[in-house]
Amino acid sequence: MKAVGIILAGGNSEMRLGDLTAFRAAAAMPVGGSYRAIDFPLTSMTASGIGKIAVITQYNSRSLHDHLVSSKWWDLGRKKGGLFVFSPYTSMDNSSWFRGTADSIYQNLTFLQRSNEPYVVIASGDSVYKMNFKKVIEYHVAKGADLTIVYKNIENEDLSKYGVMQMDEDKRVIDFEEKPLEPVGHSVSLGTYVIGREMLIDLLETIIAEGRYDFVRDIVIRLRKKLKIYGYEFDGYWRSAGASISEYYRTNMDFLDKDVRDLFTKQEPYIDTKPKDEPPAKYNMNADVEDSLIGSGTIVNGRVEHSVLFRRTFIGDRAVIKNSILMEGCYIGNDCVVENAILDKNVVVTEGKSVIGLADTPLVVKKNDVI
Amino acid sequence: MEKKEIMALLLAGGQGSRLGILTKNTAKPAVRYGGKYRIIDFPLSNCINSGIDTVGVLTQYQPLMLNQHIGIGIPWDLDRKSGGVTILAPHVKGGEEMGDWFMGTANAIYHNLEYIDRYDPEYVLILSGDHIYKMDYSKMLEFHKANNCTATIAVLEVPFEEASRFGIMNTLDDDKIYEFEEKPANPKSNLASMGIYIFTWKKLREALIEDNKVHSNSDFGMHIIPKMLADGETLYAYRFNDYWKDVGTIESYWQANMELIKTVPEFNFYDKFWKIYTKTDNQPPQYVGRGAKLQQSIASEGCEVYGEVHSSVLGPDVLIKKGAVVRDSILMENVVIEEGAVVDRCIIDRNNIIGKGAVLGEGENIPNELKPNIYNTGITVVGENSVIPDGVHIGKNCVIYGKTSVEDYPNGVVASGKSVIKEESRL
Chain A
1 MKAVGIILAG GNSEMRLGDL TAFRAAAAMP VGGSYRAIDF PLTSMTASGI
51 GKIAVITQYN SRSLHDHLVS SKWWDLGRKK GGLFVFSPYT SMDNSSWFRG
101 TADSIYQNLT FLQRSNEPYV VIASGDSVYK MNFKKVIEYH VAKGADLTIV
151 YKNIENEDLS KYGVMQMDED KRVIDFEEKP LEPVGHSVSL GTYVIGREML
201 IDLLETIIAE GRYDFVRDIV IRLRKKLKIY GYEFDGYWRS AGASISEYYR
251 TNMDFLDKDV RDLFTKQEPY IDTKPKDEPP AKYNMNADVE DSLIGSGTIV
301 NGRVEHSVLF RRTFIGDRAV IKNSILMEGC YIGNDCVVEN AILDKNVVVT
351 EGKSVIGLAD TPLVVKKNDV I
Chain B
1 MEKKEIMALL LAGGQGSRLG ILTKNTAKPA VRYGGKYRII DFPLSNCINS
51 GIDTVGVLTQ YQPLMLNQHI GIGIPWDLDR KSGGVTILAP HVKGGEEMGD
101 WFMGTANAIY HNLEYIDRYD PEYVLILSGD HIYKMDYSKM LEFHKANNCT
151 ATIAVLEVPF EEASRFGIMN TLDDDKIYEF EEKPANPKSN LASMGIYIFT
201 WKKLREALIE DNKVHSNSDF GMHIIPKMLA DGETLYAYRF NDYWKDVGTI
251 ESYWQANMEL IKTVPEFNFY DKFWKIYTKT DNQPPQYVGR GAKLQQSIAS
301 EGCEVYGEVH SSVLGPDVLI KKGAVVRDSI LMENVVIEEG AVVDRCIIDR
351 NNIIGKGAVL GEGENIPNEL KPNIYNTGIT VVGENSVIPD GVHIGKNCVI
401 YGKTSVEDYP NGVVASGKSV IKEESRL
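Order-wise, the sequence lines are chains A and B. The first sequence begins at 1 in my numbering and counts up by one. The second sequence begins at 1 in my numbering and counts up by one.
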């Protein structure tokens, strides 16, 4: 069952992630000590046999381009298929930013027109999960669906930031509400879809001509009765690293849980990412590390507890790091205290200084800041 | 084929027999070093960092691991349309009944003349896959050109009392070589050859063809260099003053690894512009659990530590369970230390499970009975894919190889200097 993949990595997440996305797309958010969010959908696709993938970017795409430019790390440096990274461009008759998710695919319609795979898998670039898309496509075919939406039942959580769908006994979608004030049920759309390639081209051409540009609003919701839309339940680990700062924090802290860590790091398919060729991590004489994830190239002299340290961080003598996320290249001097904080890349905390946030709202320190 | 100014030939066919069981199934250049690396990563990374993008790797002894490791050269950016890395194995040539093995260092290059000729290089760099160092070969090439040399030989100043262990270059004041002596009893100089040569290819090509008519085991040190000197060619010694380690014996291998755990090691892995590259299939972070102690050690991708680790080097995907203690040891890839086990001054090769409560490396320092010249400094070595059963006690200078069970340990003990070899092996 052949399919091409589309990863939507263009969303403007500054509203949701604040300073953390001042320099990067949500899909490029560092996750789990070694990865970036987009590695998860990308690996899920390649591991499901999808060898032709388009990543559609828009905001702050530099970091994403930098990450993806040599597509060989995902085995996507191919003559046939491979990785395509699309950004908005200007042409003779058209010069515009993407006007919505459907428009962003429409503006790159040649990618779909020049393919011959019967199906398309669409995923968002900032979710952390591992999914076998082969099964979703099989389900889509078995149901005779026009569109299949992958959902997850999420209970005891505020669902107002998600798309919430209702289905009949046959899993056919009968209603879909985006960011509902009063959600009905708890089936949350994961922004992951399977659709026939030709059907997608037809739908996009139709709605764009009508001046409609959004995939969820103008296809899923507006056409929910006309199209046969089915829900596919995913019951594995899933979290949106781009949903909010607290979700981003939780996603990283989840990696301290053995089951989550093993899922992504010890069970095949492993998550592929761009290698950085850092040396092994170094634990010096008085290092005292507990319940923490340590990236390669890190040097620890002080204490680290319940934290996620990305690559090439440095922790000075007697420094204490607790309940925090330190992105690549952070430097913590001697006798510092960092607690309940998210330190973006290359933050320097000079000797003796403290960075302390609240337990439920981690303090965010901007990239390259010196404290 | 695009012409190359310089290309490298890396001699990676040696066994490294003094590394004992570590090189039973693996050529020495493929042996792990510093946790995540293999010895060959150092010359390969040096090549690409020096701007050399065409490298022939000559294999012979147990090449499987090397072939898998190098592949098409992606980790070193040596996957190229023109040049890149090529694995050169002994082969049967057209018209021959049987092929020839590589019989000496220069003979190995002689067998690959056609490969080199395809790039029509001005210079060739000859390297071995046995040493840990960072070196900018482009500076050595400048030196070679500036002195209009036929050959330039990289040398290291060694203490005079050790000079008789090396190939020694006797030089004039300006480092022009007038004589080469292999392991001289009374050394006249302390400039030891590092086994790194740059030759002007046209000259080397002639010398190889002539010498291989005479010597079937043609060797750079024994034949080519003396021949060039006798022919009046210009040879210079190129002094290297930085870190360089031969990891040829169990003890030197252990020492070289242990140097990396010092607070400020002599060898700097953290150089942003001279990275050492290696192949990694999966690159997860490492996890240190509650109650764990991990000090004065280095650890690689995917390690999980719940027990105690002191002064040790951990390779990728090592698991240290609760209550286990590891001290002064080197653990290669995918080693599991079960609960309560104690590992003291050991080298444990890849894919090993050390059973619950087992104690390794205790007792007196008695040299190994079978191979006293290899295992004699108290280090116990466990070969790849072995199993150590729960609760057994193993002494110093022991060699364990294969899937051992309790029956292999009379009274649960293998005393210092004893070995347990479960498969036919040359040890």
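It should be emphasised that the hints constitute simulated quantities derived from the structure, not laboratory data. Misleading hints may appear alongside valid ones.
[Unchecked claim] Calculated pairs, EDC-like style, for lysine to aspartate or glutamate (alpha carbon to alpha carbon, straight line, at most 16 Å):
no. : chain 1 : residue 1 : chain 2 : residue 2
1   : B       : Lys272    : A       : Glu278
2   : A       : Lys266    : B       : Glu333
3   : A       : Lys276    : B       : Asp77
4   : A       : Lys72     : B       : Asp77
5   : B       : Lys279    : A       : Glu278
6   : B       : Lys203    : B       : Glu251
7   : A       : Lys345    : A       : Asp19
8   : A       : Lys72     : B       : Asp281
9   : B       : Lys145    : B       : Asp77
10  : B       : Lys322    : A       : Asp291
11  : B       : Lys279    : A       : Asp75
12  : B       : Lys279    : A       : Asp277
13  : B       : Lys293    : A       : Asp288
14  : B       : Lys134    : B       : Asp117
15  : A       : Lys171    : A       : Glu138
16  : B       : Lys227    : B       : Asp281
17  : B       : Lys293    : A       : Asp291
Keeping to a limit of 16 Å between CA atoms, is the pair of Lys279(B) and Asp277(A) held or broken? holds, 9 Å
Pairwise hint evaluation, Asp281(B) against Lys72(A), where the allowed Cα distance is 16 Å at most: holds, 13 Å
Holds or violated: are the alpha carbons of Lys134(B) and Asp117(B) at most 16 Å from each other? The given pair, whose Cα atoms are some 28 Å apart, is violated under the 16 Å limit.
With a cut-off of 16 Å on the C-alpha distance, tell me whether Lys72(A) and Asp77(B) pass. holds, 11 Å
Hint check: Lys145(B) vs Asp77(B), CA-CA at most 16 Å. Holds or violated? Violated, at about 27 Å.
When you check the alpha-carbon spacing of Lys293(B) and Asp291(A), does it fall within 16 Å? OK: Lys293(B) and Asp291(A) at ~11 Å, within 16 Å.
Given hint Asp291(A) paired with Lys322(B) - CA-CA distance at most 16 Å: holds, 13 Å
With a cut-off of 16 Å on the C-alpha distance, tell me whether Lys171(A) and Glu138(A) pass. Status holds; Cα separation ~15 Å.
Agreement of Lys279(B) and Glu278(A) with the hint, judged by alpha carbon distance not exceeding 16 Å: holds, 12 Å
For Lys345(A) and Asp19(A), compute the direct alpha-carbon distance and say whether it is at most 16 Å. Distance of about 12 Å is within 16 Å: holds.
Does Asp75(A) sit within 16 Å of Lys279(B), going by the straight-line distance between their CA atoms? holds, 14 Å
Need the status of pair Lys272(B), Glu278(A): alpha-carbon distance at most 16 Å? holds, 9 Å
In this structure, the hints that do not hold are numbers 6, 9, 14 and 16, in rising order.
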